[in-house]
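Novice: So you can see what is in the structure, the chains are spelled out below.
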Amino acid sequence: EQQVQQSPASLVLQEAENAELQCSFSIFTNQVQWFYQRPGGRLVSLLYNPSGTKQSGRLTSTTVIKERRSSLHISSSQITDSGTYLCAMDPSSGSWQLIFGSGTQLTVMP
Amino acid sequence: EAAVTQSPRNKVAVTGGKVTLSCNQTNNHNNMYWYRQDTGHGLRLIHYSYGAGSTEKGDIPDGYKASRPSQENFSLILELATPSQTSVYFCASGAPTGYEQYFGPGTRLTVL
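Line by line, the protein sequences give chains Y and B.
Using my numbering, the first residue of the first sequence is number 419, and each one after it goes up by one.
Using my numbering, the first residue of the second sequence is number 3, and each one after it goes up by one.
The reader is advised that the hints may include incorrect statements.
Partner residues are not named here, just some residues of chain B that face chain Y (Cβ under 7 Å, in silico) [what the hints assert, rightly or not]:
hint: 1; residue: Pro10
hint: 2; residue: Val14
hint: 3; residue: Gly44
hint: 4; residue: Leu47
hint: 5; residue: Gly96
hint: 6; residue: Glu102
hint: 7; residue: Phe105
hint: 8; residue: Pro107
Rather than coming from a laboratory, the hints here were simulated on the basis of the structure.
Note that the Cβ used here is the ideal one computed from N, Cα and C, for glycine as well.
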């Protein structure tokens, strides 16, 4: 069973639209992190959000531990937001052995 | 800014050959990780280390060895490379108390 499920697998938006990315977990975790990756590029940490709501610029993440899910909201999308968004969780709190989802591929069109 | 570098960036190897992927970090982080990324699988943890001299098995360690000779360097070794090990490999470092992992640019390995 895949421990981290992401949806949708891909998403196409028009510039300025908002995006909602979802992540669900097969186990309870209180260590959730969202990453961004350009095609062929390195991963960049976007937000660490163990619980509740966290915001960074146009990005807002909401994690609900008891429902084993986290979401990433991107407001007013830009063409440069295109890429893959990955969520990851630590299955044994504090060990920092991250398990990743397969990602959501976001394409923002002009 | 945190810096993680990997070498080589691209590698073509033959089946049965030995491959060594190198990772260097200047963050002075204790923790280092090796992942592979394949379409449909996301990133999967191969080996990790909590400091110089230590290596631990991750989720998919079979066919791989790791070496952490110093705080800065962490290597991934494929003693007998197989075509199934064709992938993109990422190294990362992270502080033991921190929540962020800093990733290298990746190494694209092709085993023929």
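Novice: Would the hint on glycine 44 (chain B) stand, with a C-beta cut-off of 7 Å toward chain Y?
Specialist: Holds - the Cβ of glycine 44 (chain B) comes within 7 Å of chain Y, reaching about 4 Å at its closest.
Novice: With a cut-off of 7 Å on the beta carbons, see whether glycine 96 (chain B) makes it to chain Y.
Specialist: holds, 6 Å
Novice: Answer holds if the nearest beta-carbon of chain Y is closer than 7 Å to that of glutamate 102 (chain B); otherwise answer violated.
Specialist: At 5 Å from the nearest chain Y Cβ, glutamate 102 (chain B) passes the 7 Å test, so the hint holds.
Novice: Does the CB of valine 14 (chain B) sit less than 7 Å away from some CB of chain Y?
Specialist: violated, 17 Å
Novice: Against chain Y, is phenylalanine 105 (chain B) within 7 Å by beta-carbon distance?
Specialist: holds, 4 Å
Novice: Would the hint on proline 10 (chain B) be counted as holding, given a Cβ-Cβ threshold of 7 Å to chain Y?
Specialist: violated, 15 Å
Novice: Holds or violated: leucine 47 (chain B) as interface residue toward chain Y, Cβ cutoff 7 Å?
Specialist: holds, 6 Å
Novice: For the hint on proline 107 (chain B), does the least C-beta distance to chain Y fall short of 7 Å?
Specialist: holds, 5 Å
When each numbered hint is compared with the structure, violations occur for hints 1, 2.
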